[in-house]
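K.L.:
Residues per chain are reported as follows:
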Amino acid sequence: MTAEALKFSGVSSGYKHRKVLDNVSFTVREGEFVSLIGPNGCGKSTLLKTAASLLKPLGGKVELFGRDVRHIRSSERASLLGVVPQKIDSPMAFTVSEIVMNGRIGSTGIRWAFTPSDLDIVERAMIYTDVASLRDRYFSELSGGEQQRVALAMVLAQEPGMIMLDESISHLDINHRQEVLQILLNLNREKGITVVLVSHDLTLSASISDRFLLMDAGSIVKAGTPQEVLEPTLLSRVYNCDLRVRQDPFTGFLQVSGALDTLRGRRRLGRAVHVIAGGGSGVELYRRLLIEGFEVTTGVLNHLDSDAEAARALHVPAVHEQPFSPVSEANIEKTAAMVDACDCVVVSRVPFGSGNLINLRLAESAIDKGKKVFLSSGIAERDYTEGKAANSLVKGLLERGAVEWDAIQDLMLLLHGNNE
Amino acid sequence: MDNRAVCADNRFTGRSRSKERVRLLLFLGAVPLVLGISLMLGPAGAGFPDITTEAGKAIVMLRTGRLFMGLITGAALAASGVVFQALLRNPLAEPYVLGVSGGAGLGATISILAGSGLFVTLGLPLVAFVSAIITLTAVYLIASQGSGGQPSVYSLILSGVIVSSICSSIIMFLVSTAGIEGLHSVIWWMLGSLQPVSGGQQFLSAILVVVSLGGIWLISPRLNALSLGREMAHYQGLNADLLIVSGLLLGTILAATAVSLSGMIGFVGLIVPHVMRAMFGPDHRKLVPLASIGGGTFLVFCDAIARSVIAPIEIPVGVITAIAGGPFFLIILQRRMKQAWIS
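From first to last, the protein sequence lines are chains A and B. Using the numbering used here, the first residue of the first sequence is number 1, and each one after it goes up by one. Using the numbering used here, the first residue of the second sequence is number 1, and each one after it goes up by one.
Fair warning: there could be bad hints in the mix.
Stated by the list, open to error - Non-contacting residues of chain B with respect to chain A, defined by C-beta distances greater than 12 Å in every case (computed): (1) Val22; (2) Phe27; (3) Ile37; (4) Leu41; (5) Leu88; (6) Val130; (7) Ile134; (8) Met172; (9) Tyr235; (10) Ile331.
As the list claims (entries may be wrong) - Think about it this way: if two alpha-carbon atoms lie no more than 20 Å apart in a straight line, the pair counts; the simulated SDA-like pairs of lysine to any residue are: (11) Lys87(A) to Gln145(B); (12) Lys286(B) to Asp118(A); (13) Lys87(A) to Arg89(B); (14) Lys16(A) to Gln145(B); (15) Lys56(A) to Ser144(B); (16) Lys369(A) to Ala337(A); (17) Lys87(A) to Ser144(B); (18) Lys87(A) to Arg230(B); (19) Lys286(B) to Lys87(A); (20) Lys286(B) to Pro116(A); (21) Lys222(A) to Glu4(A); (22) Lys286(B) to Ala337(A); (23) Lys56(A) to Leu218(B); (24) Lys19(B) to Arg137(A); (25) Lys56(A) to Gly229(B).
As the list claims (entries may be wrong) - Some chain B residues near chain A, calculated using beta-carbon distances under 10 Å: (26) Ser169; (27) Leu238; (28) Asp283.
Rather than coming from a laboratory, the hints here were simulated on the basis of the structure. These numbers come from a predicted model, not from an experiment. Even glycine gets a Cβ: it sits at the ideal position worked out from N, Cα and C.
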C-alpha cells in the first residue's frame, strides 16, 4: 500500500461565525487522481483551503505526506501542495514568465535572487504546460485556457507532490478543458503527482479519476471508485435533482446526465396542481412544478405575501385576500373552483393559523372528491391554530389517503408517479 | 497577403526586452544629467558657480544640500508609493490615501505649533513617525473590524481616505486657531520645501530611508507574488499576513521620514511609481530601485525649477511636482498604461 498524501482525521473547519466542515475524515494516497464532487456550497473549497492551511482547522488533524500541516513551514508546504484556484489575476501587467516565476518564491527563503536552477524549473514548467511560446505576452491578455495553463505552470514550478484544483477547469471550453486535463493526467501518470480535482463535471471526472469523494453539507458522504460513488439514488439525493447514470457503450466510462433531458420527456403533462402556500413557502414549489411541466394554481394567499408576488410574477393563477381579514365567501368559492379543476393538491410548508385554516378545509374537500393530496410533513410544528385544529385536520386527511412528502425531490417523484 | 494575419500579429502586445533595455540605458544616462542641470539652477542664476569664491562655495553647498534632501525625500515617497500600490493591489494607493501622510502631517503640525525651535528640529521626525504609525494602525484596525478579521483592500482604502481627511481637518482647525508666527511656519511646512533641515536629522533620515529601501528591495520578489492576491501568495509558501504588515511598516517609515524632512509634497508617491511601471514593467525587483532613483531625481529637478523660475521668489516644490508631473503623467497614462496596469 502506498503512503498517504493527504489525510483528514475528524477535521472541523470554517469561518468565524460559520462552521463549514464537520468532522471530515478521508485519505488520498500518493499518486492517486481523485475527484472531489458535491453541490455548490457543500464545503469543497473550504476543504481545499483547510488542506492548504489557509484555514486553520477548528478540530481534528490534517496531514500532508504524513506530517501535521500545523508544523510545516509555509515555504515547505508549497513544495508539498500546489493549489490552482478557479482563476488567478493580477492587477498589474505581468508577463507570463514573470507570473510563472512566482511559483519559485516559496523556495527562495530569504535569498533575494532566483538561482539558475530556479530558472530551469520555471522553463520546464512552461514547456510542460505549453506556455513557453507565450513567455513575453501579457498574462491578462491571454485567453481563459491559456491563463489556466499559465496558472498550472506556476503551480508546477513549486514542484509540489500534490496538486489541488478548485474548479479550475469548469469555466473552460471543451477544447481547453481537455488540454488542461491531459496535462494533469500526464503529470499524474508520468511524475506520480497526486491530483485532487474539485469538479462539477461528473462525466468528465468519471473518465479520468481513480476515486471520487462525494461531499454534502460539510461532510464526505461517500468515497470510492466512480462506480461506487456515481450511484443514481445517492447522487439524486445529494444534488437534490433527478440524475441518471449510464455507461458509455464505446468507452465504458460512466455518464451522469441531469434533470434537463429527463424533463424533455415529461414536458406539458397537462396535469393541474393546486398549491396551498403562504409566507414564502410556495416559491420553490411553483418554480419546480412549472419547470416539470405542471399547470399550477394557488390560493388563498394574503395579498401582500411573498408567495402572492411570486405567483403574479410566474403567471400562476391565484386567489388573493386582503391582509388581516378573514377569507371572504367569494374568495372561498373561487378557490374551491380551482381545487375542483385540479388533478391534485399540494400543501407546502406553510404555517397554519385561524386565518388560513380554510385552505386545509379546501384540501379536505379535494379528498372528498377523490383527488390526491400531498402534505408536507411536520405539520405539528407549524400549527398555530387554537386547539391544534390544523393538526387534527391533517391527521384526518392522512387517514383518508393523503400522502406526506419531505423533500421537493420526493414530491416530484410522487407527482410523476401519480401521473403514470 | 492575408490582412487578418497581419492584424493578429499587430495585436501582439507583450513586452519587448530589447526596447526595455534601451529605455533603461536612456533613463540611467539621464539621471546624472538631470542632477547636474539641477545643480546649475538657482536664484543666483543659471550655470555652475565659481567655487574659488566664498559666495560660489556657499551656493554650491546650498544646492548640494537641497539635492541631497530631494534625493532622500523623492526616493522615500516613490518607494512607499510602490509598496502601498503593491500591497493593496490598487493603482490609487499611496501614502496620502492610506492616511499615513495625513497622520504624519498632523503630528508634525502639533509639534511645530507646540514646540520651541529646538524641540522642532529634534522632535519633528519622531513625532511625525509615531503619529503616522498610530494613524496606520487605526486605519488597519477599523478596516479589519469592518471586514471581519482580514482587512479588504477596499475597506483599507476607504478608511484610509476618511482618516486622512479627519487628520487634515484637524490640521486646518489648528492652523485657523494658531498665532501668526506658528501659522507661517506651519503653512510653509505644509506646502513642502526642500530647505535643508539640521545635519543630525538629515543623517538620521538618510539612514532610515536607506535601510527601509533595502528592506523593501529584499521583499520585492514577494511583492510580485502578492499581486496575485493574499490567498495565492499563501499557496506559494509565503506568510502573506507577515509580508503585508512588514510592507506597510516599511512604507510608513518612508512616508513619515519624507513628511518630516520636507513637509507635505504630493504627487511623487503616486505618479513616479506609475511612470516607472509603465516604462519598465511591474516586476518589483526592478521597480523598487528604479522608482527610488526616479523619485529622487524627479523631486530634485522640480525643486531646481521651483527655486529658479521666478527667482528670487521660490515656488513651493509641491506645486511644481503637480504642474510639471501631472501632464507628463497623463501622457504616460494614455500611451503606456497597458504596460503597467491591466486596463
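K.L.:
Are there hints from earlier that the structure breaks, and if so, what are their numbers?
P.N.:
5, 9, 11, 17, 19, 22, 23, 26
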